[in-house]
Every structure is written in structure tokens, then in C-alpha cells.
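Here is how the chains run, residue by residue.
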Amino acid sequence: MTIPDTPPVLELRDVRKTFGSVVALDSGSLALSPGSIHALVGENGAGKSTLVKVIAGVHRRDSGSVTLAGSEVDFGSTADAKDAGIAVIYQEPTLFPDLTVAENVFMGRHPVRAGGAIDRHVMNEQTSALFERLGVSIDPSRQALGLSIADQQILEIAKAISLDARVLVMDEPTAALSGIEVKRLFTIARALRDEGRGIIFISHRFDEIFDLCDTVTVMRDGAYISTHNIDDVTPAEIVTRMVGRDVDTLFPKTEGTQPGDVVLSVENLGSPGTFSGITFTVREREIVGLAGLVGAGRSEIARAIFGIDDYASGVVRIDGNMLAKGNPRKAIAAGIGLVPEDRRQQGLIVDMSVARNMTLVIRRSLAKWGLMSSRSEYDRAHDGAAKLRVKAGSLESDAGTMSGGNQQKVVLAKWLATNPRLLIVDEPTRGIDVGTKAEVHRLLDELAQEGMAILMISSELPEVLGMSDRVLVVREGRLTAEFSRDEATSEAVMTAATRTEEAA
Amino acid sequence: MSATTSRLAALVKRRETSVALAVIVVIVIATLFNSNFAFGSDGFRNLLLTPSILVLLAIAQAVVVITRNIDLSVSAVLGLSAYATGRMFTDWPGAPTILVIVLGILLGTGLGVINGLLVSVAKVPALVITLGTLYIYRGIDIAWAGSTRINASDLPSDFTAIGTGSLFGIPWLTVIALIAFAVLAYYLGYARSGRDLYAIGSNPDAAELYGLPVARRVFGTFVISGTLSGIAGVMYAARYATVSATAGSGMELDSVAAAVIGGVAIFGGSGTVLGAALGAVLLSTINRALPTVGIQDFWQQAVVGALIIGAIVLDRVLYTRAQRALTKERQSSSSEREGARS
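Protein sequence lines correspond, in order, to chains A and B. Sequential numbering from 1 applies to the first sequence in this note's numbering. Sequential numbering from 1001 applies to the second sequence in this note's numbering.
The set of hints was computed from the structure by calculation and includes no laboratory data. Some hints could be false.
Stated by the list, open to error - What the simulated footprint calls covered on chain B by chain A, stretch by stretch (three residues with Cβ under 8 angstroms from a Cβ of chain A suffice, anywhere in the stretch; the number is not a length): (1) 1198-1206; (2) 1297-1308.
Said to hold, decoys possible - From the derived model, a few chain A residues whose C-beta atoms are all more than 10 angstroms from chain B: (3) Asp80; (4) Asp164; (5) Gln346; (6) Ser365; (7) Glu446.
Since the model is a prediction, treat every value here as computed from it, not as a measurement. Every residue gets a Cβ at the ideal spot worked out from N, C-alpha and C, and that includes glycine.
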């Protein structure tokens, strides 16, 4: 283990934070060197977010020490941390949609004229200058409303730079970005590093960590585990430290199963401006991966099949029977389940209990004379939870309070309760830690073995390659390639997903 | 499009412009029915005088609503301040008028402090808190005043002169309302702490993470609101010269209506005091115009209701359209750049 010789700009030692009887962070330690991009990895619930919030001044630590540029600090508020030169880019963007882009950058620190009046002209110019430095052109006087996630993150970075932050924390900044946007973000991050700033980078994507970071710190169960020079470790070693056990294989796919009858057949499906000429089938005991760039139209195809969105042309058949379009209820009755991309918004009702979420789709069959008992709900949920090993304090707790991995299991359990013929999973492991990820993968494999047809949309290439029996590639609303499991390589899939057609 | 025309286009699109136009339309129609409405001996004066008190409450309401809160107690603060001002004159003969005015206003400030503390420190939703204090303040007023009332004869003439006098033909009450409006408009538009209020209303969680002093600012808005309501109370006493325990009853909803009609988003984050003030002018003018054009009293409420719903539906439609337009604008400008690069 090598630690650079330069004294750290930010150092945490044995930081502890509890909420009542819950220990969120047991002993967090981290030494961030200036001019370094430092990855912080760990399963969900390992204490990364709490650690970040202590650094940011959101939480006050119970014990331990935090030193910034050699002197001990104790931030009572996020304003204190900001004044000290710490900028945090949270997972969820923290913008003010009603205000202009420039005001979002300079909130609370507006440039003022003599007399204290805000000088909007100077503010807009300074914002333009910041964006120019970052190589983007966003009109500083436009409203922040309607900016893409990528633009919002650029704005957050502009904010951080305008603060002249010495320490920049990025909490899963790439989760919602496309390939090009990630590249742009990385270019900016490297430029900031070269200016001598220290960057903490939290991500679940190992390819990104190994591409961008120079040092990696592993956390597990609220405690510091180890720090490594990135060149001295392999992803497998990091995973082992994260989960505290060997994960023999990330993708527990049962090889060589023979697919059965066609379950889903899609013929010439089209929706103007979104996708066209989509034809494919998914058979029993088969996992079909739908690969492509973010925005290529994969989720839209899934939504059309499930009946959320209408489509202009084409036919969808389940077990040979035509499925009415634009009617999710009929799709469910025909045996389709959809695990959507956005768990919190679309997959779950976060303010409802776990048990109720799990039995949401089958509530009609649980009802007697139109009334439901909590008992029957609880019993069914209990079976589902046991099967999927959902860790929830209690089935009665709110779904929103669980970790991402457990939330995803609840969504899966909800659909499995309907015994679907076809399960469509959209980004099944986004934002889920490595351990739970493997469990979700194992579960998908088991379901396929039991005869279910699975259509899996994923932006993570290793997941697509590792789990699919066949891979379909979507680019700009069209199916551009189909690969068998053996043919599918990352190069082949990426080429099919990104190749631009001449004079298209 | 040149900078001037685009600025003009932006001006035409603003809610303030359409509300101002609506005010003019109402005045023109009412004047066509009865030329005294605008040109009579008292017509022009009333045009300015009638909305003054509601303007104060509406801008008070706007400041609070911009932070995603609400102050339903403004009318009760007005009532209590108005009655207290009158009582000071009757119980304390010979008191300096200016001192009584200041004390009347400070009473409003104090009541605002109570609202502010309950909302920002106790963290109870403002809707609940100020609904409660609306009843409590009004209850105190009723217990104190009973069935008695302050009459014009109880008030010194230099005080009532404020209600009747004018400066260069503009009634004093209108001048006061304009000054309060100008100060607040400047504060919300050009002071850092004023901009904080928009940020807090736009995204309270982000404001907290950003390190803005959310509780302090929200507390401040209730103090501003209380103070303005106190001023409105003193003005009420000066103008009508008769104050009973029910002075200002129901004006809390008028103030919310005026702010919403004027384009202050009910969930905070956007709107101006100019819009709220114009909304108040529109409401008052409509109320005065309807009898003139021969529409019966009980329709007035319905007209106000239709205006509120219309304003909110309009807001929703504009918001959705703006969001779509802004998203599209960004996408097209990015693709242009991508195109230019390749």
C-alpha cells in the first residue's frame, strides 16, 4: 500500500456518527492528497454517504477527527464547510429550478455593486467564463428548469469551481449520464485535479474508477477497510474487500440452457420520433439483453410493450395472442411484469410499507368482498421477502427507508407475486452495491431457469454480456445488431451501439 | 431578434403586464358605463385609495409565499393593530400621534415575530400555525374590543388627515403603500438575502444543503409580513376612522388571491411583489367596478374565484410549456455544438 508523500488536504480519522441507537458510521478514515482523485467504494450502507455528509457539514461527528489542510475542523453547517473550501456534488441534484443558471452558481455569494445591490451583468459574465473553462455553453440567464442531469452536474461543478474549492466530493455523479457526458465529466475532473484540488469520487462502476482515480479507499459496515494505489489492485480484490468475502463470479449465469417456446414476439413496432421497425422475440428460459446508449430508445420500447406509451405501428404478442396497446392492466393480465428504471419514482410507492408495496399488483386477488386484511398482505409479503432475502427491519417499515438494493428486491417481489410469463427489467442494478447486485443477477438467472422469459435493459456492458443469452443493440430507435452469447463481446456491442450511419 | 425586441417580447410575456392590462380594461369598461368611475371628483382618488390597504397585505403575503410558506394571520394582525391604534388614542389622550403610529406598527411586528418563531423554530407548517394565530389574534381583538368601536371623534385630526390627505394629488395611503412596495421590490430583486427567499421556495431541501440560513430567512419573512400588516392596520384606522373587532375580516384570503393572480407561485420560488400589488389593484378595482356596470353583489365573489382558478391554470400551462421549451432549447443548442465539432 502506497500513500503519496504530500500531506493530505483532507484527513478523517476514526470518525463516528450515530443516529439514536443506529451506528451509521463506526470508524471512517480517509486521507485525500491534493492533486488526487480518490475513489471511495463500499456496498450501499457501508457508510460512504454518512462520511460525505460529515465532510459537508450536514452531520456533526460524534467522535474522531477531521483535519483540513493540517488544522482540525468541526463544521456546524454546510455553509461552514463551503467557506472552508469544501464543495459537494450530491447524487440528487440540488438546484433551484425557478432561478437562473447564473444565480444557481452564485446563490448567497452574488457579485454586488457598491451598496450591496446584486450585479446581474457581472454575475452572468462570470458564469459564462466558468462554463467556457468547462467547455460547455449554457446560457447563464436561462432558468435552471429543464436542464438535463448532465448539465445540472456541470452547473454543480461550476459552483464548486467558483467557490475555489480545495476539496470536491462527487457522490455517484455518473449514475445518470451517457457515455459522452461521462467523458466530458472526467476531462473536467482531471483538469481540476491538475490544478491541485483533491477530489473524492464515489461510484459503483469499476471501469470508471480504474479509468479516473489514482487511489481507492474501501469501506465496509461503517468502517475503514483499506487504501490502495489504483495500480496495485484489481477490481476483484476491491470487491473482495468490499463484501468481506470472495465473490467467485459477478455473473452467476447458468450456461447452456435450451430456450423454450416464444413468449414475447414484437413485430415492426414503431412510434414516430422514438423508435421504428422493432422486431424481436423473447423465449422461455431466455434472458435477452437490450443494450445501447442512454437515450437510444430502449426504455421507450419497454414502455410501449407494457402499454404505458402508445405506438403507431406494429404488433406485440404474448404466447401468440395479440396484446392490446396502451393498456398496462391488460399487459399485466397477459403475464408481463415491468421493473422500471427509476425505482423511487416508478417502481415503488416510497411512503408505503414494504408489505403493501409487495402486494400492490395482486391486491385484487387478496381482497375478499372488496376488502383486504393486513394479515393476508403480510403473509404474502413475508413469502416474497423470504424468497428474495429482503433485508427490511420490518415489512411494516416504509419502502423509502431501505437501501437501493433492497428496494429493487421489493419491486422484483411485487412482480414475482403475479407469476409473470415475461419480466422486463430496466437497469436492474443501477445504484446497487456489488453484493446485492450479484444477488439480483442470481435471482434473474433462477427465474429464467424456472421458465420465465426475461428482457433486460442495461447500460452496464459487463452486465449485458454476463447475463444475456442473446444481446440486441438499439441505436437511435432502431435495432442495429443481434448477437448470440458467444458472439457478444464488448467491442462488438459498443460498435453497434455507437456507429453512426452515413447520411442517416 | 435584436436585444430590444427580445426584451420587449419578454415584457409582453410577463404576468405583471397582463394583470396591468386587465386593470386598465376593467377601468375602461367601468368608465364607459359611468364616466364618474375614473373621472368623477372622487373617481381618480378612489382608484388609487381603494387598493392601498390590500396592496400592503398582498405584498406581505407575496414575500411569505415566495418561500413556500403562507401567512393567513395578516387580516387578524391588521385588525388588532387597527384597534390598538384607536384604543391608544382614546385611553391616552394627548399621546403624540407619531408614537401611537409606531407602536401600532410594532404590535404588528411583534405578532409577526410570534408567527415566525412558531414556523421556523418549532418547524410546524405555516398553514397550520397562521391558521391558528388567525383565530387567536382575532379572538384577542374581539375579547378586547367587545361590542365597542373606535369612532372618528375619538381620533385626533392629524391622524385622520393621513387617511384623507394627499401629496401632489396622490393620497397619503397610496404613497405609503408605494414606498413599502418599492423597498420590498428592491430587497427581493437585488439583495442577496432577498434572493435567498426565492431559492428557499424553489427547493427547500437544496437550500438547506446549500447552507442558506433557511430558518432565519423564513423567520424574517414573517416579521416583514407582520410589520406590513401592522402598517396596514394603522392605515385602516386612519382611513375609515371607525374600527370594530371585525376590521379586516376575510382579507387574508384576498391577499392570497391577489398574490396568486399576480403570478406568485403558490408553491414558492417565483413571482414578484409588483405582480402581487397589481393583483391587489385588480381585485379592488373589480370589486368597485362590478356594481358600476350593474353586476350584482353576489357575483363579485364568483368573479374573484374564477380569476384565481384562471390564474392557477394559466400558471400550470405556462410552467409546462416553459419546461418543454427550455428542455428543447438546450437540446438543440447542444446538438448544434456536437454538429459543429464533428
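Quick one: work out the minimum CB distance from aspartate 80/A to chain B and report holds if it exceeds 10 angstroms, violated otherwise.
violated, 8 angstroms
Interface-negative label, aspartate 164/A against chain B, beta-carbon threshold 10 angstroms
holds, 16 angstroms
Non-interface label on glutamine 346/A, tested against every C-beta of chain B at 10 angstroms:
holds, 19 angstroms
Serine 365/A remote from chain B - nearest C-beta pair above 10 angstroms
holds, 38 angstroms
Glutamate 446/A remote from chain B - nearest C-beta pair above 10 angstroms:
holds, 39 angstroms
Quick check: the segment 1297-1308 of chain B, covered by chain A? Criterion 3+ residues, Cβ under 8 angstroms.
Check failed, 0 qualifying residues.
Does the segment 1198-1206 of chain B contain three or more residues whose Cβ lies closer than 8 angstroms to a Cβ of chain A?
With 7 residues close enough to chain A, the hint holds.
Checked against the numbered hints given earlier, this structure breaks hints 2 and 3; the rest are met.
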